[in-house]
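Asks: Going line by line, the protein sequences match chains D and G. Under numbering that gives the first Met the number 0, read the first sequence as residues 0 to 361, first letter to last. Under numbering that gives the first Met the number 0, read the second sequence as residues 0 to 658, first letter to last.
Hints in this document: simulated from the structure, not taken from any laboratory. This structure is a prediction, so every number in the text was calculated from the model and none was measured. A couple of the hints might just be wrong.
To be verified - Straight-line alpha carbon distances no greater than 30 Å define the calculated DSS-like cross-link-like pairs of lysine-lysine that follow:
no., chain 1, residue 1, chain 2, residue 2
1, D, K340, G, K281
2, G, K593, G, K607
3, G, K230, G, K210
4, G, K11, G, K137
5, G, K593, G, K551
6, G, K155, G, K210
7, G, K123, G, K160
8, D, K33, G, K551
9, D, K340, G, K193
Unchecked claim - Derived DEER-like restraints, expressed as beta-carbon distance ranges:
no., chain 1, residue 1, chain 2, residue 2, range
10, D, E334, G, P431, 43 to 51 Å
11, G, D117, D, A337, 40 to 48 Å
12, D, R241, G, T350, 51 to 59 Å
13, G, Q439, D, S356, 54 to 62 Å
14, D, D232, G, T350, 52 to 60 Å
Think of the CB as a built atom: it goes at the ideal place given N, C-alpha and C, for glycine as much as any other residue.
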Amino acid sequence: MSVDDVAVNGKRSSDASSMVADGSSPGDAVTTRKDWASDQEVRWCPGCGDYSILTAMQLLLPEMGARRESTVFVSGIGCAARFPYYMNTYGVHSIHGRAPAFATGLAIARPDLDVWVIVGDGDALAIGGNHLVHALRRNVNITILMFNNQIYGLTKGQYSPTSVQGKVTKSTPFGSLEVPFNPVSLALGAEATFVARTHDMDRKHMMATFRRAKEHRGASFVEVYQNCNVFNDGAFELVTGRSVRASNLIPLVHGEPIRFGENGDKGVVASRDGRLRIVDLNDAKDEELIVHDETREDPSLAFQLSRLARGPFEPTPIGVFRAVDHEDYGTGVDEQIAEAKSQAGPSDLWELLCSASTWTVD
Amino acid sequence: MTASGIGTYTTKELDRVVIRFAGDSGDGMQLAGDQFAAVSAAFGNDLATFPDYPAEIRAPAGTLAGVSAFQVHISDHDILTPGDKPDVLVAMNPAALHANIDDLAPGATLIVNSDSFDERAVAKAGYDANPLTDESLKHLVVYEVPMTSMTLAACKVTGAKPRDAERSKNFFALGLISWMFTRPTDQTIAWITKRFARVPQVAEANALAFKAGWNFGETAELLASNYEVAKAALEPGTYTNVTGNTALAWGIIAAGQLSGMPVFLGSYPITPASDILHELSKRKSFGIRTLQAEDEIAGVGAALGASFGGALGVTTTSGPGLDLKAETIGLAVSLELPLVIVDVQRGGPSTGLPTKTEQSDLLHAMYGRHGESPVPVIAARTPSHCFHAAIEATRLAVKYRTPVLLLSDASLANGTEPWRLPDLDSLPSIDPAFATEANQVDADGKTSFWPYVREPGTFARAWAVPGTRGLEHRIGGLEKSSGPGTVSYDPENHEEMVRVRAAKVAAIAEDIELLEVDDEHPPGQARVLILGWGSTYGAIAAGVRRVRARGKCVAHAHLVHLNPFPSNLGPVLASYSNVLVPEMNLGQLSRLVKAEFLVDVISLTKVKGVPFKAAEIESAILGVLADLDSVSNEGEDQRDEGSEDHAEVSGARAGVNQL
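Work out the full structure: start from the sequences and follow the hints.
Replies: Right under this line is the structure:
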């Protein structure tokens with residue numbers, strides 16, 4: 000894994016355009032985990048799922064050969080949003096809900112940067128829902144990681160847009176009446192070109208998923224099941240817990256039949272009415288299983304997969320739901336600029352000021 | 000002199016004339032007026048224009064709500080406003096007449112499209128009787144011209160359906176007025192051909208209608224004379240006719256070039272600011288990146304994100320959008336990053352009067368954020384000044400690492416004036432002075448970068464952009480420690496940071512031009528200073544001229560920088576015993592001036608969605624002077640009551656307090 004791999008395969012990494020302050024050549028990108036940790040004390044609650052996500056990131060970036068000076072973490076407000084302070088890169092802790100908007104401008108203005116967006120479920124789906132869906136639709140070249148803990152942690156325990164119906168919290172003492180968002184369904188509905196789900200109990204899977212998201216050109220959306228051990232402990236335990244994982248976590252692997260279960264004895268098939276359902280392989284043949292194809296242009300099947308579980312309390316798909324190759328927004332902008340520059344038209348200021356009719360007074 | 004037969008007429012000279020084209024919003028009045036202005040500008044007149052149109056794209060035809068008007072003032076000398084009252088009104092239907100008739104002084108010329116005055120249209124316009132026959136127009140010189148039928152006749156050869164051909168009647172009106180004011184025709188014909196090139200039949204119909212209007216003027220015995228308005232003696236140079244929105248967009252492009260920073264505009268469509276987005280979106284050849292965002296918040300958020308990356312982040316909006324951007328402007332205050340926020344003010348509150356002008360966002364610009372959140376505020380004063388104001392806003396934003404609010408308004412946005420193009424070498428240079436090296440060394444010799452280390456004098460913080468190796472750092476909306484910029488909840492630090500952010504904006508006062516006072520009189524002679532800001536410049540300057548023409552003394556100063564004020568504003572105010580502050584709000588600058596300098600001022604306010612007239616300013620000044628005289632000559636009341644003075648005068652010295 001070299002810097003070049005990143006530059007060629009994924010989101011553009013800065014190379015020649017990178018400004019160097021310490022005079023060293025920009026090629027030496029061999030770093031270790033500690034190079035990526037800032038000097039700030041990490042202040043999440045002990046036992047918070049955010050720690051393992053941070054570790055995964057600090058291990059992944061050196062592994063990918065990423066460069067600190069061209070990496071930017073942009074966050075909104077919430078527990079997750081403290082993430083940038085702990086990464087020894089450029090970072091902005093912005094406004095509640097607005098991180099995708101901020102990152103959109105940054106990524107369009109600076110296509111050479113690797114822009115990560117760290118948001119929570121309240122941040123991204125409640126106050127910032129509009130920005131999230133439009134960043135995805137535009138396919139801006141940013142990587143959005145949404146830490147989903149199904150609760151407002153920083154404000155001390157109100158229900159969030161992903162909280163299960165009936166959830167009793169400080170602001171819903173009689174239970175939440177609202178139907179929660181399914182973040183993967185929402186992202187697919189917003190035309191996202193890369194949509195995945197991972198969880199904080201599996202570092203290896205997180206690293207692999209973040210890497211895929213980063214290497215995708217355009218807007219990537221990753222839902223990270225993240226446990227809030229203070230206000231919503233165990234929200235994902237039925238899927239991610241080590242003892243139940245085999246039976247309730249459905250791994251999505253591109254090109255493979257969708258199969259799970261203790262002994263690989265369960266699978267996903269399409270019914271005659273078009274609905275997906277889980278079957279016991281004792282009742283169905285292997286070749287009837289749906290073969291996962293994340294590159295399918297039509298997101299319908301990916302959407303159906305996202306609806307397989309009503310929530311993280313029954314068998315739930317984890318992995319990459321969709322990864323399709325579309326031109327990213329910034330590239331389109333740059334192409335239009337290049338084309339405009341190649342065509343006749345005012346190119347210097349004086350010419351511009353004279354572009355409407357002018358007259359001279361002697 | 001009267002016309003004695005076909006083709007017999009005289010040509011008279013006028014030093015200036017105000018013409019208003021009025022019709023349904025679908026009648027093409029803006030197009031006709033704009034082209035008349037363009038031809039007049041190229042001819043060499045000085046001019047000013049005022050488009051006035053409803054918010055609805057097509058309000059019900061023939062109703063008062065749907066009337067759209069375009070006023071143009073042309074002259075042989077330099078003028079400052081689009082004119083108070085039209086000398087000539089072109090009314091395409093009864094509604095257009097009804098909506099504008101009150102603005103005509105006795106003796107003014109009225110040209111109506113007589114074809115449109117049928118019983119139904121007359122009633123729809125709210126008339127009880129046909130005004131063409133009920134003698135209510137006796138005080139005017141009325142020309143009834145069957146424009147619709149003559150347009151149809153002229154366009155018959157094109158084979159266009161009557162309904163389509165009828166739409167060319169605005170060009171008939173333009174042709175007639177072009178004859179009336181001896182405008183050259185070639186330029187308009189060429190413009191029609193180019194503008195409608197895609198639909199040759201429409202181009203042909205419009206050209207035929209235009210010529211028919213011209214020929215009608217020349218051959219009909221209806222109009223006794225036509226008029227010449229000679230070229231104005233303008234300063235030598237290259238001129239173009241420009242709207243405030245276009246000039247502002249060009250100013251942003253210029254600022255990008257002067258600073259070497261690529262321009263990024265994040266914006267959401269909103270009247271009357273959208274044309275800036277349109278103009279900048281066209282200018283990709285300058286490397287301009289524009290984003291039509293999903294909302295106002297995303298527009299400014301993306302602009303600030305681009306600024307973080309070292310681009311020149313700009314967002315454009317009007318009042319309702321400024322409300323939504325407040326939180327992000329506060330973040331920019333905290334991040335101390337350059338950001339230019341353009342607010343093209345319109346009538347408020349809420350949706351208010353989207354297409355009408357007002358200056359009622361000044362206090363919002365000053366204070367419309369939570370916390371101690373100071374932001375420099377600049378206001379453009381004429382359409383062409385929007386160019387320079389955009390450059391100045393950028394200069395301050397970049398130099399001081401701060402968001403800057405640039406105020407324009409609907410009258411500047413759409414109004415035009417001839418603009419003598421500036422010498423580009425005279426524009427200021429703007430240096431982003433990005434940090435490229437570490438600014439801290441610890442005891443072990445290890446270097447690091449602290450983003451909140453400040454430049455002495457300007458208090459500008461060190462600014463390193465992503466991509467700069469070794470200067471990686473994190474910033475955010477949480478309070479930061481002075482120097483390192485890490486999160487800090489320390490009480491002493493917070494107070495220091497609040498005060499330094501305020502001091503930074505205050506320090507700008509030493510870096511801006513002193514307030515210039517237009518006062519030709521010996522010191523002490525003028526008893527009244529008129530203090531204005533923004534788009535009232537033309538009306539105030541014209542009103543002041545009129546007062547001086549009466550042999551009276553008055554001074555005028557016009558603020559461009561509203562936060563901070565120029566450093567000499569205090570002494571200027573102190574040198575006049577009376578200060579009159581006209582503004583299109585309920586006295587917002589008055590409040591700021593009173594609070595800042597503890598001086599009394601007389602507030603002259605108008606909130607009708609239309610600009611001040613020079614006559615209103617004149618009348619108010621004369622009123623103040625008369626009050627002063629009556630105080631010194633007790634018992635006498637010399638106050639000159641202006642009959643059309645719709646503005647409210649308030650303040651202790653005026654003896655009235657409406658606030």
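Asks: Hint by hint, say whether it matches the structure.
Replies: Hint-by-hint comparison with the structure:
1. D/K340 x G/K281: Holds - the C-alpha atoms of G/K281 and D/K340 are around 12 Å apart, at most 30 Å.
2. G/K593 x G/K607: The hint holds at about 24 Å.
3. G/K230 x G/K210: 24 Å, holds
4. G/K11 x G/K137: 23 Å, holds
5. G/K593 x G/K551: 26 Å, holds
6. G/K155 x G/K210: Given pair G/K155, G/K210 holds - Cα atoms ~14 Å apart, limit 30 Å.
7. G/K123 x G/K160: Judged against 30 Å, a Cα distance of about 26 Å means the pair holds.
8. D/K33 x G/K551: 78 Å, violated
9. D/K340 x G/K193: Since the Cα atoms of D/K340 and G/K193 sit roughly 24 Å apart, the hinted pair holds (cutoff 30 Å).
10. D/E334 x G/P431: 43 to 51 Å: 27 Å, violated
11. G/D117 x D/A337: 40 to 48 Å: 57 Å, violated
12. D/R241 x G/T350: 51 to 59 Å: Hint holds: Cβ distance 57 Å, inside 51 to 59 Å.
13. G/Q439 x D/S356: 54 to 62 Å: Hint holds: Cβ distance 56 Å, inside 54 to 62 Å.
14. D/D232 x G/T350: 52 to 60 Å: 47 Å, violated
The structure fails to meet hints 8, 10, 11, 14 from the earlier list, while all remaining hints are met.
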